[in-house]
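Novice: One-letter residues, chain by chain:
2 protein chains.
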Amino acid sequence: MPVDLNKLLQGDPRAIARAITCIENDRENSARILKTIFPHTGHAFVVGVTGAPGSGKSTLVDRLARFYLNGQKKSVGIVAVDPTSPFTGGAILGDRIRMQNVALEEGIFIRSMATRGFLGGLSRATHDAVSILDAAHKEVILVETVGVGQDEIDVIKVAHVNLVLLVPGMGDDIQAIKAGIMEIADVFVINKADREGVERIEAQLLAMLSISPRPDGWVPPLVRTIATLNEGINPLAAAIESYARFAKDSALFIQKRRTHARERLLELLGEQLVGKVVHEHLENGLLDQYVELVASRQSDPYSVVDEIISGFCGETSQNRKGSGL
Amino acid sequence: MPVDLNKLLQGDPRAIARAITCIENDRENSARILKTIFPHTGHAFVVGVTGAPGSGKSTLVDRLARFYLNGQKKSVGIVAVDPTSPFTGGAILGDRIRMQNVALEEGIFIRSMATRGFLGGLSRATHDAVSILDAAHKEVILVETVGVGQDEIDVIKVAHVNLVLLVPGMGDDIQAIKAGIMEIADVFVINKADREGVERIEAQLLAMLSISPRPDGWVPPLVRTIATLNEGINPLAAAIESYARFAKDSALFIQKRRTHARERLLELLGEQLVGKVVHEHLENGLLDQYVELVASRQSDPYSVVDEIISGFCGETSQNRKGSGL
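Here the protein sequences come in this chain order: F and G. Everything in the first sequence is counted per my numbering, starting at 7 for the first residue and increasing by one. Everything in the second sequence is counted per my numbering, starting at 7 for the first residue and increasing by one.
By construction, these hints were calculated from the structure, which means they are not laboratory data. A portion of the hints provided could be inaccurate.
[Said to hold, decoys possible] Each computed DSBU-like pair below joins lysine-lysine, with the alpha-carbon atoms no more than 30 angstroms apart: (1) Lys282/G <-> Lys80/G; (2) Lys282/F <-> Lys41/G; (3) Lys262/G <-> Lys282/F; (4) Lys163/F <-> Lys282/G; (5) Lys282/G <-> Lys262/F; (6) Lys262/F <-> Lys163/F; (7) Lys13/G <-> Lys163/F; (8) Lys80/G <-> Lys41/G; (9) Lys41/F <-> Lys262/F; (10) Lys13/G <-> Lys79/G; (11) Lys254/F <-> Lys163/F; (12) Lys79/G <-> Lys282/G; (13) Lys163/G <-> Lys41/G; (14) Lys80/F <-> Lys282/F; (15) Lys41/F <-> Lys282/G; (16) Lys254/G <-> Lys80/G; (17) Lys163/G <-> Lys79/G; (18) Lys163/G <-> Lys80/G; (19) Lys262/G <-> Lys41/G; (20) Lys163/G <-> Lys262/G; (21) Lys79/F <-> Lys163/F; (22) Lys282/F <-> Lys163/G; (23) Lys282/F <-> Lys282/G; (24) Lys80/F <-> Lys262/F.
Next up, chain F with everything else stripped away, as it sits in the complex (with noise of 0.2 angstroms):
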């Protein structure tokens, strides 16, 4: 089925889910759609939620959804990255219903991201996801993850505020908390706040801030919420919006998004050689020979992938000579 490019740039519900099955599984085509629409991207707000399982992570993000949707009138997309959350179906008993609520709901789109495939890198999927619901003028998007794989972290650098979540009494506290997720923490959530615990595990956010401050001077605020009640909603989005008026103007902001760009594009660039590769230079099975070389232990892959390599650049160059080049 074809992307069609106006009516996905019009927000368009189907043309937006076929664009995003699009950049998961067709890179050829992929490619094309990402560069038509990046004139149109660049305007949405992004907020990244992590959470452990069992954080109450999906309804934050459902009840932050109808904040920006009915309070703000704002459209919003929604993009679940969680293995672990039902929106992306990996709960067996999951209750899938409440997916559905959501995404019924007019002006939100809500899209979980399969894990990865063939076609390569979550965060590169993830990204592109972004890039069409932006495209597509959501004005908020909501990236849902679990945040403890690395692919799972490298997800939300996509995120203009980070929001993380804890839970008073889980598991054990503060050892709970990584030090990767302190570091994109930029709004602390104490979900489930009603819980016995709470002023404990604030106590100990508290030491661990004061003991690493942050590079950029910012000091992530500590919001109790109960999603489960709508309670916390309003404050969390006045710190949401508060960190982002502060990283504005942030010199360290600025060198992050760099470093994200710098990510973003070697492995985009990984991607996009290794399936030239595959495409041009290891069809007719023979892709299907080397695999059976490491399989049965005759060859080590890197010996295999210096063959590929050297077999593949002599190619091209003779391509090239060839058409007169």
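Given the coordinates of chain F, assemble chain G onto it according to the supplied hints.
Specialist: Structure of chain G alone, referenced to chain F:
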């Protein structure tokens, strides 16, 4: 510091440590090391251990390591790929003492893998670390991972047997078992089995296993352990052994190894191609210029990558013509 390959093959811990540091940081030398040691690999028995933070994974790995070392007189290597593990130093207030205790013991080598850097895949680095331990005559290699992210799941595809740890009453019980994790579990370990809810989680697992049986016909056994008390380790080792015997003749297992070889080959191909392009074609600040184009939104990453690739292919062609090819 150069890697002494003879010492590595003799199992010298410092040579192993240096070799692993090298494969994490040095693209060209790592290829050389991996090619050289390849004929010495393929003998180790690799066990993957996956579990959520707080499931007692590190303690279990510790107990299993001692079982193989003291009970079976086998040399043991441990590769920890878990941002929340005290081994990897991800936990902020973690008890690092334990790690040293294990490391000091004769015959056990522990290595934690850093999250991936520029040189690429965590799973590539982990596989290479396993190869190094294999070449260094470690007979049993335990690979520990939190198993939530895609990278972390890819990591344990290197294993011959995969354990998935669950804890009674933790989180939303069965909800915490992700679809991806279910597929990789050859043996379920119910750790902290003295806790309430052990029958419940076992009943849930059995129900799930009967709803979706494995295509290879294997019925993953459920083994209760209390790792802190060293209870259940013998039955666990027996379950591991019994799956290993089953897998030996399983056509699906062989198919799985082939799929895994394919993924590994493509990942390595991407890494090596990017390394080659960056090293040979994007020197002298050219990469920074491209990054700036993307970061400042003057161009989209797809167009920039196209330009880089066509520049590289053209250059390769010219070099070859110039050199008389």
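Novice: State for each hint whether it applies.
Specialist: The hints, checked one at a time:
For the hint pairing lysine 282/G with lysine 80/G, the CA-to-CA distance comes to about 40 angstroms; that exceeds 30 angstroms, so the pair is violated. Proximity of lysine 282/F to lysine 41/G is assessed by CA-CA distance (about 25 angstroms); at most 30 angstroms being required, the pair is judged to hold. Distance hint between lysine 262/G and lysine 282/F is fulfilled; the C-alpha atoms sit about 25 angstroms from each other, no more than 30 angstroms. Our distance criterion of 30 angstroms between C-alpha atoms is met by lysine 163/F and lysine 282/G, whose separation comes to about 26 angstroms.
For the proposed pair lysine 282/G and lysine 262/F, the alpha carbon gap of about 25 angstroms is at most 30 angstroms, so the pair holds. Pair hint lysine 262/F plus lysine 163/F holds up; C-alpha atoms about 9 angstroms apart against a cutoff of 30 angstroms. Simply put, lysine 13/G and lysine 163/F have alpha-carbon atoms about 42 angstroms apart, too far for the 30 angstroms limit, and the pair is violated. Between lysine 80/G and lysine 41/G, the direct Cα distance comes to roughly 26 angstroms. Compliance with the 30 angstroms bound is thereby established for this hinted pair.
For the suggested pair lysine 41/F and lysine 262/F, the alpha carbons sit about 23 angstroms apart, so the restraint of at most 30 angstroms is met. With a C-alpha separation of about 22 angstroms, the suggested pairing of lysine 13/G with lysine 79/G holds against the 30 angstroms cut-off. Between lysine 254/F and lysine 163/F, the direct Cα distance comes to roughly 16 angstroms. Compliance with the 30 angstroms bound is thereby established for this hinted pair. Taken as a hint, the lysine 79/G and lysine 282/G pair is broken in the structure, with Cα atoms around 44 angstroms apart against an allowance of 30 angstroms.
With a CA separation close to 21 angstroms, the supplied pair lysine 163/G and lysine 41/G stays within the 30 angstroms bound. A threshold of 30 angstroms between alpha carbons decides the hint, and for lysine 80/F with lysine 282/F the separation of about 40 angstroms lies outside it, so the pair is violated. Distance check on the hinted pair: lysine 41/F and lysine 282/G sit about 25 angstroms apart at the alpha-carbon level, within 30 angstroms; holds. A C-alpha spacing of about 21 angstroms is found between lysine 254/G and lysine 80/G, which places the hinted pair at or below 30 angstroms, so the restraint holds.
Using a Cα cut-off of 30 angstroms, the hinted pair lysine 163/G and lysine 79/G holds, with the two alpha carbons roughly 26 angstroms apart. For the proposed pair lysine 163/G and lysine 80/G, the alpha carbon gap of about 23 angstroms is at most 30 angstroms, so the pair holds. The straight-line distance between the Cα atoms of lysine 262/G and lysine 41/G is roughly 23 angstroms, inside the 30 angstroms bound, and the hint therefore holds. Simply put, lysine 163/G and lysine 262/G have alpha-carbon atoms about 9 angstroms apart, close enough for the 30 angstroms limit, and the pair holds.
With a CA separation close to 26 angstroms, the supplied pair lysine 79/F and lysine 163/F stays within the 30 angstroms bound. This hinted pair checks out: lysine 282/F and lysine 163/G have alpha carbons roughly 26 angstroms apart, not beyond 30 angstroms. Taking the CA atoms of lysine 282/F and lysine 282/G, the gap is near 15 angstroms; set against the 30 angstroms cutoff, the hint holds. With a CA separation close to 27 angstroms, the supplied pair lysine 80/F and lysine 262/F stays within the 30 angstroms bound.
In summary, the structure is inconsistent with hints 1, 7, 12, 14 from the numbered list given earlier, while agreeing with the others.
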